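Q: Given next are the chains, with one letter for each unit.
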Amino acid sequence: MRNFFNILKFEYLTCIRNKAFIIITVFLVCGSLLFSFLPGIITSIVSDEQMSEDDNTQNVIAVKTSDYSENLVISELSPYYPTFEIRIVNEDRNVIEKKVNDSEYQFAIDINSPVSFVYITKNNSLYSMDENLIMNAVQNMFTISEFEKKGLSEEEIKGIIQTGFASETITTGTDQAKNYLPVYLLMCVLFVAITSYGQLVTQSVVSEKNTRAMELLITCAKPSQLMFGKVIGAGLAGLTQLALIFISLVISMNFSPADAIPAEIRDFINFPVETLLMALLFFLLGYFIYAFLLGALASFASKSEDLNGLITPVLFVLMGVYFVVVFMCSGDMIDSTAMTVLSYIPFSAPMAMFVRATLLDVPIWEILISVALQTITVYLFGLLAAAIYKIGVLMYGNPPKPVEIFKMLRNKN
Amino acid sequence: MKIEVKNITKSFGEKEVLKGISFETEDKKALGLLGRNGAGKTTTIRIIMGVFYQDSGEILIDGKKIDRSKIQIGYLPEERGLYPKQKIGEQLSYFGMLRGLTKQQSREAVNKWLDRMGMSQYKDKKLETLSKGNQQKIQLAATLLCEPELVILDEPFSGLDPVNAMLLKDVITENIEGGAAVIFSSHQMNYIEEFCNDICILNSGKIAVGGNINDIKRSYPRDTVNIFSQDPESISSFIIRSYSDNIVSADTDAKYSCVTVKLKEAAMKDRLLSMLLENNFDFDGFRVKEPSLNDIFVQYTEGGI
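As you go down the protein sequences, you meet chains G and L in turn.
The first sequence begins at 1 in the numbering used here and counts up by one.
The second sequence begins at 1 in the numbering used here and counts up by one.
This is chain G alone, in the form it adopts within the complex (with noise of 0.2 Å):
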């Protein structure tokens, strides 16, 4: 046992130690300081844009109406655009279009008919929300114009059109459209987290074999030794890399002004407690069942370039489980009996479990079960990673294909 902690003290520091990790660790850990005051500074920044282009445009909409009076087309649309001239004219399409063209006019309404309308912009963006807000506006002026044919006055009908609903909706389970968004955000980081740390101990592997270190450790340690501590060494850099980037995570969203982080992205990141330890708990058990095969397989290859052929089939398996889930998800699917059989398949289970236990109400019996399922893997697989290791490292050559692994370890029991 005294040389277990051995390993893992010493694959924990080669790990901590490892230039590429220190980087890697100062870089995202900067990142999140500076997490608070990105919106702030990209705000700015496209401000300042917008302002030298729109220093450019006229600040004019250009309205093309017969069928509304100026005064209601005002009164309906600067609201809306309370920076902006809004201007009725009586020119020809063409006409307009060119001064659209030319910037002119910031963008052009064209109201043919009472129900109908002709939005004209010189470019569309992705994100525009013109059109719904000229709609609204048209509609308003519709809206009035019929009720005042009705002989209803002016306040009348604001009053009638501008009451304000409230809503509110309470969630008796779990709030999926509250939750998605931080459970998604946690299911990349659970992704890439098990890819990069697993990675960790393979490299340790097939330095350790390259080195012929592997020579002289092999008869100071038993290989479920060397195994285990190498899979929980490299977890814990992990968990110490994820912590220290979580810390400054907090202590930007603490320390930062108020205002500086919109209020969206705020609640957007501002995870529930038991979703995170969720995250934890199914990171530990993904990355294990990962790692331990990972590291078995590359005891076998003799050098780094021989290191991408034997893990890749692994990794693909984690690739399209993180797709399958996420499809699972973005399709409504979350519910779906193949979600629950994903969730009990251990390589699979640590993010579809994680994804069904935060966004469903799931009885605490299936993740229990989930759970335990889990780590009798991670126990068979730490012991078959071991007997494997055993047989791998003292291997020289081309890698063995996995019929011949299977057939060693026959022979080998």
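Incorrect hints may have been included.
Label pairs and their computed distance ranges (CB to CB) [what the hints assert, rightly or not]: (1) G:Leu13 <-> L:Gly159: 29 to 35 Å; (2) G:Val403 <-> L:Lys6: 32 to 38 Å; (3) L:Asn197 <-> G:Arg2: 34 to 40 Å; (4) G:Arg2 <-> L:Glu128: 25 to 31 Å; (5) L:Asp115 <-> G:Leu315: 44 to 50 Å; (6) L:Ser22 <-> G:Arg2: 32 to 38 Å.
Straight-line Cα separation of at most 30 Å, DSBU-like style, residue types lysine-lysine; simulated pairs [said to hold, decoys possible]: (7) L:Lys28 <-> L:Lys217; (8) G:Lys222 <-> L:Lys112; (9) G:Lys19 <-> G:Lys222; (10) L:Lys125 <-> G:Lys19; (11) L:Lys2 <-> G:Lys222; (12) G:Lys222 <-> L:Lys126.
Derived by calculation from the structure, the hints in this document are not laboratory data.
These numbers were taken from a predicted model, which means no experiment stands behind them.
For glycine and all other residues, C-beta sits at the position ideal for the given N, C-alpha and C.
Dock chain L against the given chain G, drawing on the hints supplied.
A: Using the frame of chain G, we list chain L on its own:
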């Protein structure tokens, strides 16, 4: 302490690598484990180290089944294995702790052995910054760190210059005299002859010959003599002329000023010596030619593998 390897067999899949290997050695002695590449030396060593388990046979320490947790074994692998990018002191300390030393004991052992190897100034340097010879000394320090009772050295002298080889020889001799049992695997026969009392030559997974080196040499017929002289030609002519009935051949080696005479019978060498003395030949030496370890190795392993 007596180490006995008894009738060990080992197969990997269909391939039978060891076919009943037996030998023994004890403290203050060195055993030379010889054999061509692929003869089974490394497999034998790994079985002793507990990396593999034998299919049959046993390894005994003082007559009892080996318990590797109770004896310290130092191993210097043929393929040198340490971390090139780690600091020397730190990794030696790590290996010391893996061998069962406490942190404090390990640090003290690292200081002691780095000092003995004349490498103290490199303690905080990375291994990769050292020359091959110096890396080899660090490797030997890693082997001897835990004061092992059994030391297994696989080609310890490869790549060393004469000065470093001398240092290593001194360290190994100290270790043997200090009470360690040493198993020494090498293809450099001069070192084997220098250190080892006993040898064990493996060929195709079997012991081709084993035992005390002197006894093995004496087991060869003592019918060939070397006569050293400044004038080997006249001695050679005399022998061919006057003793031709009793010899098989008489060859002159001018380079070594030596005549090698193969006699029909070993008993005839006394008569040959008397004749040379009676005829007042000036010679510097007259001795029975024994086979070198190299000759024995080639004889027993040629055609194997």
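Q: For every hint, state whether the structure bears it out.
A: Consistency of the hints with the structure:
In this structure the supplied range 29 to 35 Å holds for Leu13 (chain G) paired with Gly159 (chain L), their Cβ-Cβ distance being about 30 Å. The supplied range of 32 to 38 Å is met by Val403 (chain G) and Lys6 (chain L), whose beta-carbon atoms lie about 36 Å from each other. Taking the beta carbon of each, Asn197 (chain L) and Arg2 (chain G) are about 37 Å apart, inside 34 to 40 Å as hinted. Between Arg2 (chain G) and Glu128 (chain L) the CB atoms are about 29 Å apart, so this pair conforms to the stated range of 25 to 31 Å.
In this structure, Asp115 (chain L) and Leu315 (chain G) meet the distance hint of 44 to 50 Å, their C-beta atoms being roughly 48 Å apart. Checking the proposed 32 to 38 Å range against Ser22 (chain L) and Arg2 (chain G) shows it holds: the Cβ atoms sit about 35 Å from each other. Among the hinted pairs, Lys28 (chain L) with Lys217 (chain L) is consistent with the structure: their alpha-carbon atoms are about 22 Å apart, no more than 30 Å. Restraint check: the Cα-Cα separation between Lys222 (chain G) and Lys112 (chain L) comes to about 27 Å, which is no more than 30 Å; the hinted pair holds.
A C-alpha spacing of about 29 Å is found between Lys19 (chain G) and Lys222 (chain G), which places the hinted pair at or below 30 Å, so the restraint holds. Among the hinted pairs, Lys125 (chain L) with Lys19 (chain G) is consistent with the structure: their alpha-carbon atoms are about 17 Å apart, no more than 30 Å. Of the pairs offered as hints, the one joining Lys2 (chain L) and Lys222 (chain G) holds, with about 25 Å between alpha carbons and a cut-off of 30 Å not exceeded. Among the hinted pairs, Lys222 (chain G) with Lys126 (chain L) is consistent with the structure: their alpha-carbon atoms are about 26 Å apart, no more than 30 Å.
This entry satisfies every hint, going by the numbered hints stated previously.
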